[in-house]
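Read top to bottom, the protein sequences are chains P and Z. Letter by letter, the first sequence follows residues 3 to 359 of this note's numbering. Letter by letter, the second sequence follows residues 3 to 359 of this note's numbering.
Honestly, the hints are just simulated from the structure, not real lab data. Be a bit skeptical, because a hint or two may be false.
[To be verified] To give an idea of the chain Z side of the interface with chain P (calculated C-beta under 7 Å), a few residues:
{"#": "1", "residue": "40"}
{"#": "2", "residue": "137"}
{"#": "3", "residue": "209"}
{"#": "4", "residue": "221"}
{"#": "5", "residue": "253"}
{"#": "6", "residue": "270"}
{"#": "7", "residue": "307"}
Don't be surprised by glycine CBs; every beta carbon is placed ideally from N, CA and C.
There are 2 protein chains.
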Amino acid sequence: MTTSLSSRRAHVIGLGLIGSSVALALRAVGWTVTGADLDTTIERAALESRVIDATQPRDPDLVVVATPARAVVEVVNALLGSLERSDVIVTDVAGVKGSIVDGVTDPRFLAGHPMAGSELRGLAGARANLFEGCTWVLTPTANTSPVTYGTLHGILREIGANVVAISASDHDRLVAIASHVPHLLAGSLMNEASRVAEQDAVLLQLAAGGFRDMTRVAAGDPSIWPDILFENRLAVTQALDDLETRLHSLRDALVNGDREMVSSSLQSAAIARRQLPGRALNSESLAYLRVKVSDQPGVLASVTMAASELLVNIYDIEIAHGIEGAAGTLLLAIDARQTDLFMEELDRRGFQVVRER
Amino acid sequence: MTTSLSSRRAHVIGLGLIGSSVALALRAVGWTVTGADLDTTIERAALESRVIDATQPRDPDLVVVATPARAVVEVVNALLGSLERSDVIVTDVAGVKGSIVDGVTDPRFLAGHPMAGSELRGLAGARANLFEGCTWVLTPTANTSPVTYGTLHGILREIGANVVAISASDHDRLVAIASHVPHLLAGSLMNEASRVAEQDAVLLQLAAGGFRDMTRVAAGDPSIWPDILFENRLAVTQALDDLETRLHSLRDALVNGDREMVSSSLQSAAIARRQLPGRALNSESLAYLRVKVSDQPGVLASVTMAASELLVNIYDIEIAHGIEGAAGTLLLAIDARQTDLFMEELDRRGFQVVRER
Chain P
3 MTTSLSSRRA
13 HVIGLGLIGS
23 SVALALRAVG
33 WTVTGADLDT
43 TIERAALESR
53 VIDATQPRDP
63 DLVVVATPAR
73 AVVEVVNALL
83 GSLERSDVIV
93 TDVAGVKGSI
103 VDGVTDPRFL
113 AGHPMAGSEL
123 RGLAGARANL
133 FEGCTWVLTP
143 TANTSPVTYG
153 TLHGILREIG
163 ANVVAISASD
173 HDRLVAIASH
183 VPHLLAGSLM
193 NEASRVAEQD
203 AVLLQLAAGG
213 FRDMTRVAAG
223 DPSIWPDILF
233 ENRLAVTQAL
243 DDLETRLHSL
253 RDALVNGDRE
263 MVSSSLQSAA
273 IARRQLPGRA
283 LNSESLAYLR
293 VKVSDQPGVL
303 ASVTMAASEL
313 LVNIYDIEIA
323 HGIEGAAGTL
333 LLAIDARQTD
343 LFMEELDRRG
353 FQVVRER
Chain Z
3 MTTSLSSRRA
13 HVIGLGLIGS
23 SVALALRAVG
33 WTVTGADLDT
43 TIERAALESR
53 VIDATQPRDP
63 DLVVVATPAR
73 AVVEVVNALL
83 GSLERSDVIV
93 TDVAGVKGSI
103 VDGVTDPRFL
113 AGHPMAGSEL
123 RGLAGARANL
133 FEGCTWVLTP
143 TANTSPVTYG
153 TLHGILREIG
163 ANVVAISASD
173 HDRLVAIASH
183 VPHLLAGSLM
193 NEASRVAEQD
203 AVLLQLAAGG
213 FRDMTRVAAG
223 DPSIWPDILF
233 ENRLAVTQAL
243 DDLETRLHSL
253 RDALVNGDRE
263 MVSSSLQSAA
273 IARRQLPGRA
283 LNSESLAYLR
293 VKVSDQPGVL
303 ASVTMAASEL
313 LVNIYDIEIA
323 HGIEGAAGTL
333 LLAIDARQTD
343 LFMEELDRRG
353 FQVVRER
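Next comes chain P alone, as it looks inside the complex (with noise of 0.2 Å):
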């Protein structure tokens, strides 16, 4: 920044969960942060929870534009407008990017996503510390100036992002298949089985843990999804073919026999969700632990005590129930280090644990 660490003024539009999170984080790390939302309701309350200072901008060295996807072009453009300065910088947060780098030839303007998310909604989901560790993708065009590029990505990296720089015609085909795509599977599976259950109630009592994880992700709001898969309707229908594709050939195999090709498939399915990073940035340095536990009040206390009184931290938790039963097997992820000194103790108190991998 060629602006002193004193005078960094930030401006947000759009004060949901991100938005929100970016005026935390922003102020955070020094900046003075305004806000506005359409919704004078959250402006107010966003003012009286300090998540900004001020709703009115004030001559902003960055603006981050964090309404629905659907709104950022005509947002920016409108506010490009009406922008004097050139050094200004304006970003988006949106989860497609092809068609809103397309809208704007502004060389003030960089999109952006950043893959953070949170159970809660809106300004109640909001902190300050909610990008740390997360990726945020940038994705320059051939407008973007560098001084623009290492400017945004220097801020971003203050408030605790690892920024990657793809082609927004990348993200997108990224995305598609990696959130969107598995997105309309989840729910497609999930309407299937309803309407399969509204004939035979039982099969609610024969869906077990896969079932119920697949289908989570078609639990959340849907209200923000018809926006995104419109948006992004190319790279979706595209991998939702390339999908269709596979499923078809699984389905021909079963037909015609081929136990070989069905083995393969899911042998190298094993494979590589085996190797799927953790959420952890560096996930060679997890261990996977594997304890039994039944489920009386304590059981959970215990386990996690004995990790938090030898400062052991527990990356990642799950309960697998034995399908219905009265108990099931906690998964943990720890730092690898610390397996021995973790398994000794748990020993100790009588679990049995096997470490995974």
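Model the placement of chain Z on the given structure of chain P, informed by the hints.
Showing chain Z alone in chain P's frame:
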């Protein structure tokens, strides 16, 4: 049972996870249990760990065939030929029922499928309470006598299972959509993402929690699946076709700009998923809480200790990460009657907690 309690004798063929758990469960309620496995090392281990009383059958009242699905018909028919008693009951535990019911006409056989499993495999995962609260499907046919059904039902109730009777073809159709097709979907999605990631390694950085949830089952042991999928291929291909039709309608709606169709599909999936019963038998009695947590050692212990001290049992736990961030939300399912008590305690400990429903 017409035999007295002291003389109840069972024989278990196949001492994997389910077979050895059946042995332990029956022994726990007073049965004498013999057991056999093709692998004599496993037989010896089962004897040594007192999972079975002996390896040679002793005029059993009940025989449980717990071999892989493909072997069941042959094993059961050979066995029935060698058993002279007319009141012996033979059952199996395979995940597919149609081909088995078709292959065995002897009225002394009644097929079954316990919807139980474990993250651990084989004898190592065996436990006497594996079936407590689990759904155990029985698939009676026109050949099945009420006495046979009633006796087996009573035994399974005794080891804690909830017995459900449905036809073999209904069973196969329902597990196709609840379990087999989800497995193929998870595998295909993982393989497709893996293909894309070979060209763009950054994809894995964009794969968030939803993707991990949807592909988790693909990481399981792939060796048992071809057997199950081929035994159930008619129902699986039908369910795949039904799902494909749904995905295709969504694809067409995206191409044709039919926002209403996409919205209503996602909306109905969200409603259905939220109504999906949890693993507890009576999900209405559970409350779902979201607790914001940091990734420091001790945070999880603090939450679970609070539960333990108040004798609040945590039925389900999950960390919903801020995708790749350093903090996240803990999702907890507890007894709804304890909600206020527990929320007050968490609040007292400085946690931000929200009740979901």
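Results of checking the hints against the structure:
1. With 7 Å as the threshold, the beta carbon of residue 40 of chain Z stays out of range of chain P, its nearest partner Cβ sitting at about 21 Å, so the hint is violated.
2. The criterion of a C-beta within 7 Å of any C-beta in chain P is met by residue 137 of chain Z, whose closest approach is roughly 5 Å, and the hint holds.
3. Taken as an interface hint, residue 209 of chain Z checks out: its beta carbon lies about 5 Å from the nearest beta carbon of chain P, inside 7 Å.
4. Taken as an interface hint, residue 221 of chain Z checks out: its beta carbon lies about 4 Å from the nearest beta carbon of chain P, inside 7 Å.
5. Given hint, residue 253 of chain Z at the interface with chain P, holds; its Cβ is 5 Å from that chain's nearest Cβ, closer than 7 Å.
6. For residue 270 of chain Z, the shortest C-beta to C-beta distance to chain P is roughly 6 Å, which falls under 7 Å, so the interface hint holds.
7. With its C-beta approaching chain P no nearer than about 5 Å, residue 307 of chain Z sits inside the 7 Å limit, and its interface hint holds.
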